[in-house]
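Required output: the full structure, derived from the provided sequences and hints.
Line by line, the protein sequences are chains V and Z. Counting in the numbering used here, the first sequence runs from 1 upward without gaps. Counting in the numbering used here, the second sequence runs from 1 upward without gaps.
These are computed hints drawn from the structure, not numbers from a lab. Since we're looking at a predicted model, the values are computed, not measured. Backbone N, C-alpha and C define an ideal beta-carbon position, used for all residues, glycine too. Don't take every hint at face value.
[What the hints assert, rightly or not] Pulled from the structure, derived: some chain V residues nowhere near chain Z, Cβ distances all over 12 Å:
1) I4
2) P20
3) Y57
4) S220
[Said to hold, decoys possible] Listed next, the stretches of chain V that the computed footprint assigns to chain Z, with coverage defined by at least 3 CB atoms under 8 Å from CB atoms of chain Z:
5) 60-66
6) 70-78
[Said to hold, decoys possible] Here are some chain Z residues the structure puts well away from chain V; computed CB gaps all over 12 Å:
7) L5
8) Q52
9) A53
10) E54
11) F64
12) A71
13) G88
14) I114
15) I171
16) D229
17) A232
18) I347
Chain by chain, the residues run as shown.
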Amino acid sequence: MKKIFSRPRSMTDKPMHFCPGCTHGVIQRLIAEVIDDLGIQEDTIAIGPVGCAVFCYDYWDVDFQQASHGRAPAVATGVKRVHPDKVVFSLQGDGDIAAIGTTEIIHAAARGEKITCLFVNNSIYGMTGGQMAPTTVVGQKSTTTPRGRDRDLAGYPVKMTEMLSVLDGVVYAARVSVHNPANVLKAKKAIKKAFEVQLRGEGFSLVEILSTCPTNWGLSPLDAVRWLEKNMVPYFKLGEYKVPEEKKHEEIAVAEVAG
Amino acid sequence: MGKVLMKGNEAVAEAAVLSGCKYFFGYPITPQNEIPEYMSKRLPEVGGTFLQAESEISAINMVFGAAGSGARVMTSSSGPGISLKQEGISYLAGAELPCVIVNMVRGGPGLGNIGPAQSDYFQATKGGGHGDYRVIVYGPASVQELVDLTMDAFELADTYRNPVMILGDGILGQMMEPVEFSFPENSSPAPKPWSTSGARGRKRNLVTSLYIVPEELEKHCLKLKAKYDDVAAREKKHESYFADDADIILAAYGTTARICKAVVDQAREEGIRAGLIRPVSLWPFPDAPYNTAADHAAAFLAVEMSNGQMVEDVRLAVNGKKPVHFFGRTGGIVPAKAEIIAEVKKILGGGRQ
Ligand SMILES: Cc1ncc(C[n+]2csc(CCOP(=O)(O)OP(=O)(O)O)c2C)c(N)n1
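Here it is in structure tokens:
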């Protein structure tokens, strides 16, 4: 019989700890597939977050450093400066990257660190049991917004990809989602592009991936993907916010004005 | 290489470069700015990287990444910045990553001031960050010793896979003295097969301080304890100055120890048998010489630029055999020879003033 589907080579066979229906596992797999497609398993150093993805070193068979909460981009910077010829990427949740670690991500991006940051936005603090995240949408209930996020009290969700894409050090910035098969395929393409930007040594790349949290949202897996589509996608608009070509065009445009 | 006149901060930086330190991550703060400034100029000359981080938190985490990748790496700061580094230091200790951290201590607490101080002793030697860990701490007392101990620090960090701290102060960092750089024997560190470099032709490496299963974390902590016991058994360092026949033993480190030497000299001229035991390693603290001296000395006097921190270690070492007194100035003030001598006379019976 012909084998048409198998586990990516850079993925271990360890059973995942994610809750049933959580789309985190899909994202972990996509990353492993991209590592395989690019043939970089032996040249990759991954940096893990504190959050639900904290055990991702159990699932990827690559060199790995476990960072403290929010500091993955700084750790990745240290790694990349020592090993500029290796592929260095981080995986972070929304609390990790958009609350406690905003300083680290903004400055790694501004420096144009030749690293890739993958950001899983599930609009909640998953690991600590469902508290409000910087990306919790207005009106969304969490254990610390029991009446729903109140914009007067807690303000508005942080749009990281939009914010980061204005920085000159950022070469590629995209927001994707994994709530249905078509979007899963798009997400994989974006992750691959981000790694390619790094492989070409062009600068900083970021992919924000919208993901579900059935457990802490209090929804069935199916309702969770529907909720994501209805409540997150309209606020966190999908698409490529910055691509390498645009950067080139910008530079040409500036050069024309200047010259 | 002959003697050169150098500022303490620059001498530390050069010593690091000669020790094979190729990476420096830091954030400006007085009184240690000459270290990053020197590194920004010097490291590119040896194919290394200097990076000014956006905060001390970022700097120490860059140190984590570089140390985990097998490089010799250093960061430096002063009080407020070292406070911000504590989370990272705990993670470095937990993941057993070697690195060197310099604290040119200034007056605290809070923003305090930029005067010299020794009030970060507790933070440096008793933990500072969370969890059951130890940092090896040296307290140099001259620019030459800053150089020599910095070189030792890189060796020790690699040997024990542990952060090592150089605890200086504003005076040591700023003053100029002639120094000689003896080239360290081992300026190209031994390979670190545990580090992350891409799993080419080997099993992948994992750098982490996470042990989610309690039995595994306990095992890890016991392994760390065994290492710290080993460090404590082998790496204690001190200097004795006229301590053998002394009636009163001064205990002081760093800048304060230099003043206390002058105190001992003058006391001896006046017929008072004073001596000094100067800890060079602050953790592990050299307790034995104090305990031995307690057999013949009548009293001890700890002198610090703080409200009394190291004095607790002296008391533990003396273990109740003799009284341990304290004299300190704080807030960026350096104790004067005359006031320490007055204190010595007071302890020894007052009348001779
Ligand atoms: C300094 C620090 N503060 C708080 C925590 C507790 N903590 C662990 S995970 C987490 C939030 C994780 O949320 P997110 O980054 O959104 O990731 P998720 O779990 O949703 O994947 C927090 C606050 C910690 N480990 N360290």
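Over 12 Å to the closest beta carbon of chain Z is the bar; see if S220 of chain V clears it. Since the minimum Cβ distance to chain Z is about 28 Å, S220 of chain V lies beyond 12 Å and the statement holds.
Minimum Cβ distance from F64 of chain Z to chain V greater than 12 Å, as the annotation requires: At roughly 5 Å from the nearest Cβ of chain V, F64 of chain Z sits no farther out than 12 Å, so the non-interface label is violated.
Could you let me know if the closest chain Z CB is still more than 12 Å away from the CB of I4 of chain V? Its Cβ never comes within 12 Å of chain Z, the nearest being 28 Å, so this holds.
Quick check for students: does the CB of L5 of chain Z sit more than 12 Å from each CB in chain V? The assertion about L5 of chain Z holds, with a minimum of 33 Å to chain V.
Just checking, A53 of chain Z versus chain V, shortest CB gap more than 12 Å? violated (7 Å)
Are at least 3 residues of the region 70-78 of chain V within less than 8 Å of chain Z when you compare beta carbons? This one holds; 6 residues, not fewer than the three required, reach chain Z with a Cβ under 8 Å.
The output says D229 of chain Z does not contact chain V. Does that hold with a beta carbon cutoff of 12 Å? About 26 Å separates D229 of chain Z from the closest Cβ of chain V, which puts it past 12 Å; holds.
Taking 12 Å as the cut and beta carbons as the points, is A71 of chain Z off the interface with chain V? violated (5 Å)
I347 of chain Z non-interfacial with respect to chain V [C-beta, more than 12 Å]: holds (47 Å)
For Q52 of chain Z, which was marked as not at the interface, is the minimum beta-carbon distance to chain V over 12 Å? violated (10 Å)
Interface exclusion of E54 of chain Z relative to chain V, criterion Cβ beyond 12 Å: At roughly 4 Å from the nearest Cβ of chain V, E54 of chain Z sits no farther out than 12 Å, so the non-interface label is violated.
Is the nearest Cβ of chain V still more than 12 Å from the Cβ of I114 of chain Z? At about 24 Å from chain V, I114 of chain Z clears the 12 Å cut-off, so the statement holds.
Of the numbered hints stated above, those contradicted by the structure are hints 3, 8, 9, 10, 11, 12, 13, listed in ascending order.
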